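K.L.:
As a plain string of letters, each chain reads:
Protein chains: 2
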Amino acid sequence: MKKIGVGVLGFGTVGAGVAKGLLENADVLRERTGLDISLARVADLDTTSDRGVALPAGVLVSDAMAAIHDPEVQVVVELIGGTGVAKKFVREALLAGKPVVTANKKLLAESGAELFALAAEKGADLFFGASVGGGIPVIRSVRDGLAAARIDTIYGILNGTCNYILTEMERAGRPFDEVLAAAQKLGFAEADPTLDVDGFDTLHKAAILAALAHGFQPDVHNLPVQGIRGVVGPEDIALAGELGYRVKLLAVVKNAADGLELRVAPTLVPASGMLGSVSGVFNAAMVHSDMDDWTMYYGRGAGRLPTACTVIGDIADAARNLAAGTRRPVTMPRAAAAPRVKAPGEAVSKFYVRLSLKDAPGSLAAAAGAFAACGVSIASAMQHGTSGGFATVIVLTHEARRAAVDDALAKIAAAGVSGSAPACFGIEEP
Amino acid sequence: MKKIGVGVLGFGTVGAGVAKGLLENADVLRERTGLDISLARVADLDTTSDRGVALPAGVLVSDAMAAIHDPEVQVVVELIGGTGVAKKFVREALLAGKPVVTANKKLLAESGAELFALAAEKGADLFFGASVGGGIPVIRSVRDGLAAARIDTIYGILNGTCNYILTEMERAGRPFDEVLAAAQKLGFAEADPTLDVDGFDTLHKAAILAALAHGFQPDVHNLPVQGIRGVVGPEDIALAGELGYRVKLLAVVKNAADGLELRVAPTLVPASGMLGSVSGVFNAAMVHSDMDDWTMYYGRGAGRLPTACTVIGDIADAARNLAAGTRRPVTMPRAAAAPRVKAPGEAVSKFYVRLSLKDAPGSLAAAAGAFAACGVSIASAMQHGTSGGFATVIVLTHEARRAAVDDALAKIAAAGVSGSAPACFGIEEP
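Top to bottom, those sequences are chains A and B. The first sequence begins at 1 in my numbering and counts up by one. The second sequence begins at 1 in my numbering and counts up by one.
Bear in mind the hints are in silico, worked out from the structure with no lab data behind them. Here the structure is a predicted model, which is why all the values come from computation and not from measurement.
When chains are identical, the list treats them as one kind, so a pair holds in a single copy or across two.
Below, simulated SDA-like cross-link-like pairs (lysine to any residue); rule was C-alpha separation at most 25 Å, straight line: (1) Lys3 with Ala323; (2) Lys122 with Glu92; (3) Lys3 with Ala54; (4) Lys98 with Gly325.
Work out the full structure, taking the sequences as your base and the hints as a guide.
P.N.:
Right, dumping it as structure tokens:
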């Protein structure tokens, strides 16, 4: 049985999970791959803290560069995160012709094109299954299971922190700040939750899914991203619920002949559908293609062992290729095939709009007139209570362009009939 | 770019889908695999009917054996079905050292051990992704994504006909026979629906999932299987709904130190959970493992293009292996590691029991006494109306052995307090 040595860079949460999986489930891996995949080195500057995993003597080292070049290491696993030394080490391993497995979504979203080009040049595999969806084999499923399909739509609930917070806000009817504080105590949210709750983590993952499905590298610095902090309140969650919807922080990747929609925003989805049923820290990606209609992949989007499970699945692929003397062709990104990314205003969907209108004759007519003037067709308009002389009115639109809805909202603001600022969320119904 | 020729045996629904996919999405497949995978031969006794796919001249032939041995055919795809000539052709291809892709669940469930042994002996791949779940890449996800994980539980909604019928029975409150007739008119059920509605199709798929997860070939002729025909009525669907459950025809594969539960039966699952949300013809498999907690795979369990999509995913794998001069190690079944399959009575779960009890003092006490005497702990007992001197009583049990519940039901029958026969379904709450 061929022996393949693995070098893990970064002995943090996921690194410890990968070490534990490789050590404790080596028998499973041997049976399923026909290879002896073993943990050769773990590199981390901190070589003393207890991570709850007993490494064999000599495995833990502090010098990542030495680990990369160690002849016992044939597959390099980057679990450091960020775009600093992580990028340096990934480049170093690829330059040495060693296959790399990474879970680093930020690195791929920002430098994927450069790294895939280097991998192709050096004939080394670059696997990234755990960069999106943690323990969910979505990258693998899209890449291999849908190998012959043209993907047109991807919806993703890709951030466990946000989904947990939204689920708790709905369950308990509590505001964002309170739920965030509780989530932080439970370890479901970081001390600095910006990357999660303001949508950037979801955006990085959406960019990778878009790259995989459409073969180009989106510019993540120029994509529309809206998180849940300061955007989604218990009021909209409750009103959406009355209408049969749930609010999810949704990544949307929709391709059509006239361009690609790629955004992250709080979005209403049917509460009783598959996306609406994804609750708590769980994540899911729902994919539509010309051959396979809708498929969905669901599981834990983060966590030590789930993420490690996906990383080891990639290690197994890299090891199989090494053993066979082959590699996986690089299919992303290919700049030549880049689709046009639509401007945010070009997005087309139904919309949920919450208006605060003066509780006086003519207010609703003025609002309805503004929608009509902008070519936005209203499916329903319902009043939900009044307070301090203002009525809350929920407008559901038929399919409309985001820019037209925004224009209508500007007209309503200018008409002097509104109180507090409106809320506006897209509705997606796979 | 290396050229790999594909020979498709069987130009039926899925065969035509595979031909269409290979012809129309050849560009996608080239980009993603780096190989020129082309349709070399399609063999079918009927070479004249229109299948809605225009094959290039010379591709359609009537002689499957000649197609298998054609030097232009490097990957053989068996889409004939059944265990007669299909088995002969699969053996013939493997004997010739050619990799085989099949969607034939019955063949694998009954002769998997023999065919995998032959594939191993001849060094040829045998892929079967579309045999379970149609367009859902569940086989691939379990095999590769969970390569390092020990799987303990699999729940599957694996038959689109049954799930469609159950969904419609709930939606319209109509009985099985009416909904089946409507489903047959819509093409969602076969003229002879036995394989589907009596659970055998689901059982074949469950056996393949069990083989994949636990490395042995279950004896499908000696496994407990219950379908939905004559078993599930609108009354139980409605009562389950009141309790927050849905009735699904569920495949259960649960492994523990004392043995493996493997069965197909109508089962209650939480209506608002992921399994409960799988409606209509859609299918899903939910998998729990030591590393990856719960993951779920959802999509169309049948249909021309979805099934063809998964078949082509397998063709791509076989082609990659051919191009690299390697193959996938056979990991199923390994009889040495076969777990003990538990007897049906050993199954442990909560149960839903619907009793018809004489509407007279002492009836409920007698029933409760029977459960107690058999060591079955009752979580709740609720009366739901009376009719003709009999009361409908729904008993929900705590976790109990199926044999103990059956004993209790026998005692109740013997006590002379019941009217019509009871209904008893397990409850699974992933």
